[in-house]
Amino acid sequence: MQQHAHVLLNDAPDAALYQRFAPALFAYFLKQTVSREDAEDLLLEVFLAALEQGKLATLEEEKQRAWLWAVARNKAADHFRRRGRSTRVDLSLVAEFADMEGMEPEQMLVRQEELAHLADTIRQLPTPQQHVVQLRFGHGLSHSEIAMVLHKREGTTRMLLSRALKALRSSYQRNER
Amino acid sequence: MSEANAPLPPEDTQTGHPLAQPAEEAQMLSDLERLYQPLVARNARSLEHVWVRLEQHKQQRRGGTRASRLPLAYPGLQTKEQSMQPFLSRFSQGGAWRRAMGTLVAVVVLTLLVGSMVAVFTLARGKTAIGPSITGTGPTATSAILPTPTERKPAHGLGTTVYTSPASYDDFYAFAWSPDSKRIAASTQSQVQIWDATTGKHPLTYTPKGGGGSVLALAWSPDGTKLAVGAVSSDGLEIINPATGKVIRTLNPTTALQTAGMGPEVSTVPLSGGSGVSAAAWSPDGKFIAAAFFGSAYGNKVVIWNIQTGALVTSFTKHTGEISSLAWSADGSYVASTSYDQTVQVWDAHNGKVIFSHSADQGGALAWSPTGTHLVFATDISAFQVWDVATNTQITSYQTQANASIAWSPDGKAIAVASNTDVILWDAATGTHIFTYTETGDYVRSLAWSPDGNYIVSGGNNEAGGNLAKVWNAAPLP
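First to last, the protein sequences are chains A and B.
The first sequence begins at 110 in our numbering and counts up by one.
The second sequence begins at 2 in our numbering and counts up by one.
A few of these clues could be false.
Result set (DSS-like, lysine-lysine): computed pairs, CA atoms no more than 27 Å apart in a straight line [what the hints assert, rightly or not]: (1) B:K288 with B:K247; (2) B:K59 with A:K184; (3) A:K172 with A:K140; (4) B:K302 with B:K319; (5) A:K164 with B:K247; (6) B:K59 with A:K172; (7) A:K184 with A:K140; (8) A:K261 with A:K172; (9) A:K184 with A:K164.
Pair by pair, the computed Cβ-Cβ distance ranges are [unchecked claim]: (10) B:T394 with A:L168: 26 to 34 Å; (11) B:T208 with A:S253: 54 to 62 Å; (12) B:Q309 with A:L157: 54 to 62 Å.
Source of the hints: derived by calculation from the structure; they are not laboratory data.
Backbone N, C-alpha and C fix where the C-beta goes; we use that ideal spot for every residue, glycine too.
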């Protein structure tokens with residue numbers, strides 16, 4: 110993966126920085142703001158600040174992470190003063206099964222039901238678990254990134270994801286029978 | 002090794018639980034991937050959009066070199082698919098949805114190419130290539146030509162909700178009323194939905210040809226026969242027939258400049274993602290259309306065309322940030338524009354000469370009074386002001402949080418402001434509060450007053466999703 114990034118971003122240090130940190134920062138802003146536009150604006154502000162700072166790309170990854178997250182939390186705080194904080198996170202799911210090429214109608218129906226069932230099961234999970242599942246599968250974040258977004262310890266978010274998947278798994282097994 | 006960029010291996014998501022039934026487990030993980038696919042795609046688009054804006058800032062700082070004319074995608078890459086790759090690569094490779102995405106992108110790229118060729122061809126011929134067509138109209142389109150007569154007199158009091166959009170529409174960036182107040186056009190994510198205003202009947206869906214990006218601009222022509230549609234990642238402003246959903250013509254500022262022989266900056270590079278149209282407005286007589294463009298392919302500019310000939314009248318390039326709102330004065334003389342550069346500018350529609358300028362909220366909203374003498378705009382995050390443009394004097398000021406949308410009632414008496422999760426009606430003359438509509442349920446992104454003054458349509462683009470458009474009585478005002 111690292112190699113892949115090198116090929117892509119050989120002479121673009123700020124692109125590498127963006128690629129590495131933007132997804133988690135964006136997930137964080139989405140959680141904090143009322144609109145996707147606001148989250149995009151805040152993300153832009155953080156990386157503009159990084160450009161101003163100038164030398165960020167040359168620092169070690171840990172220092173980059175610490176710097177970017179500190180700026181992000183400040184930007185979010187500024188934003189709340191102006192626009193107000195979002196009170197809920199979008200955890201909605203649409204169980205639409207679009208990719209059904211080569212399937213028999215009965216098979217399609219069964220798959221659709223299975224997917225709807227999974228969505229239902231997710232909706233019944235406690236909110237923190239739903240959130241972790243979303244950050245993992247909807248944002249592609251790692252455990253440490255999820256921990257940054259939720260401002261929790263990594264052990265906590267690992268446990269949340271583990272519990273969520275366990276619940277989903279058992280529901281799957283019941284569903285199969 | 003950056004953990005962030007690595008797909009989480011199966012045993013990682015297990016966190017200690019053995020893979021008892023690998024097939025079942027794989028099925029569950031793949032189903033989870035499917036369920037979250039729409040969110041993944043939206044997030045990748047957002048990340049790309051921010052990246053493109055970041056690049057624009059960098060290029061502006063460098064002083065707009067020749068390089069800024071190049072299509073601006075993710076570093077070293079050209080196509081949308083590749084540019085989104087860095088953000089999609091976090092997910093397991095070869096998923097079915099990724100294949101679907103690839104196909105979609107291929108279609109989009111092809112459409113872009115073909116679309117821009119058509120636009121060049123159309124403009125070169127100097128006339129409309131595809132007229133409003135009555136052939137091939139489907140059931141919805143046919144019925145849409147003759148909207149069901151609806152009861153126009155509000156049966157209930159101010160603020161009564163008469164229509165709520167279905168949950169399948171979401172994210173309302175813009176609204177436009179037909180001039181007879183019978184139909185509403187709304188941008189819902191990357192599509193345009195048109196319906197009978199108070200009943201939702203005779204729905205018509207239009208998907209912009211330039212593909213994929215949010216539809217930020219909608220404007221219905223004064224004679225009702227055309228709808229201007231502008232999107233992110235579009236290849237120009239699309240003029241469609243709102244009754245059939247057929248494209249009448251596509252107006253592209255790059256080719257227009259070329260055609261009109263204006264400026265040396267002729268781009269032969271196909272336009273890629275990250276550019277688009279952010280606002281559009283018709284002249285009151287319907288003869289001209291103004292559109293605000295952004296992105297590396299265009300720069301931040303407003304372009305005015307003669308809609309009949311496709312000839313470029315003027316282009317306004319004084320904004321240094323993306324233009325968020327555009328409005329034409331009632332007499333057709335002036336265009337007002339506001340931008341992320343934190344200014345509002347009023348300029349002559351014929352030659353682009355600025356006659357009024359003021360600091361403004363970043364990316365704010367504005368509206369003209371129906372008489373065309375007064376302009377209301379957000380001055381900062383918590384206030385907006387009414388100015389007499391000709392005399393350069395401030396008339397009124399309102400302290401309220403201003404979202405990105407504002408409308409002046411057709412009778413001139415009231416101003417509607419989207420404010421956080423409410424729409425607030427203010428007395429335009431005195432600045433006193435008239436009414437607060439609270440049933441939006443979410444952050445209000447856009448609103449529009451019906452030309453007959455009876456209704457307001459408002460809707461949000463809250464990330465929490467489930468945004469609804471509401472049509473509610475906005476008359477009679479006290």
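Inset, instruction - For the range 54 to 62 Å, tell me whether the beta carbons of T208 of chain B and S253 of chain A fit it or not. - result: violated, 39 Å
Inset, instruction - Please work out if K172 of chain A and K140 of chain A have their alpha carbons no farther apart than 27 Å. - result: holds, 24 Å
Legend entry - Straight-line alpha-carbon gap K59 of chain B to K172 of chain A, limit 27 Å: Distance ~23 Å between K59 of chain B and K172 of chain A Cα, so the pair holds.
Inset, instruction - For the pair supplied as a hint, K302 of chain B and K319 of chain B, confirm whether the alpha-carbon distance does not exceed 27 Å. - result: Holds. K302 of chain B to K319 of chain B sits at ~7 Å (cutoff 27 Å).
Legend entry - Range agreement (Cβ of L157 of chain A with Cβ of Q309 of chain B, hint 54 to 62 Å): Cβ of Q309 of chain B to Cβ of L157 of chain A: about 42 Å, so the range 54 to 62 Å is violated.
Inset, instruction - Could you tell me whether the CB distance from T394 of chain B to L168 of chain A stays inside 26 to 34 Å? - result: violated, 52 Å
Legend entry - Proposed proximity, K172 of chain A with K261 of chain A (alpha carbon, max 27 Å): holds, 19 Å
Inset, instruction - Assess, step by step, whether the Cα of K184 of chain A is no farther than 27 Å from the Cα of K140 of chain A, and give holds or violated. - result: It holds: about 14 Å lies between the C-alpha atoms, which stays within 27 Å.
Inset, instruction - Quickly compare the C-alpha distance for K164 of chain A and K247 of chain B to 27 Å and report which way the hint goes. - result: Violated, at about 51 Å.
Inset, instruction - Please work out if K59 of chain B and K184 of chain A have their alpha carbons no farther apart than 27 Å. - result: holds, 20 Å
Inset, instruction - Assess, step by step, whether the Cα of K288 of chain B is no farther than 27 Å from the Cα of K247 of chain B, and give holds or violated. - result: holds, 20 Å
Legend entry - Restraint check for K184 of chain A with K164 of chain A, where alpha carbons must lie at most 27 Å apart: holds, 20 Å
Checked against the numbered hints above, the structure breaks hints 5, 10, 11 and 12 and satisfies the rest.
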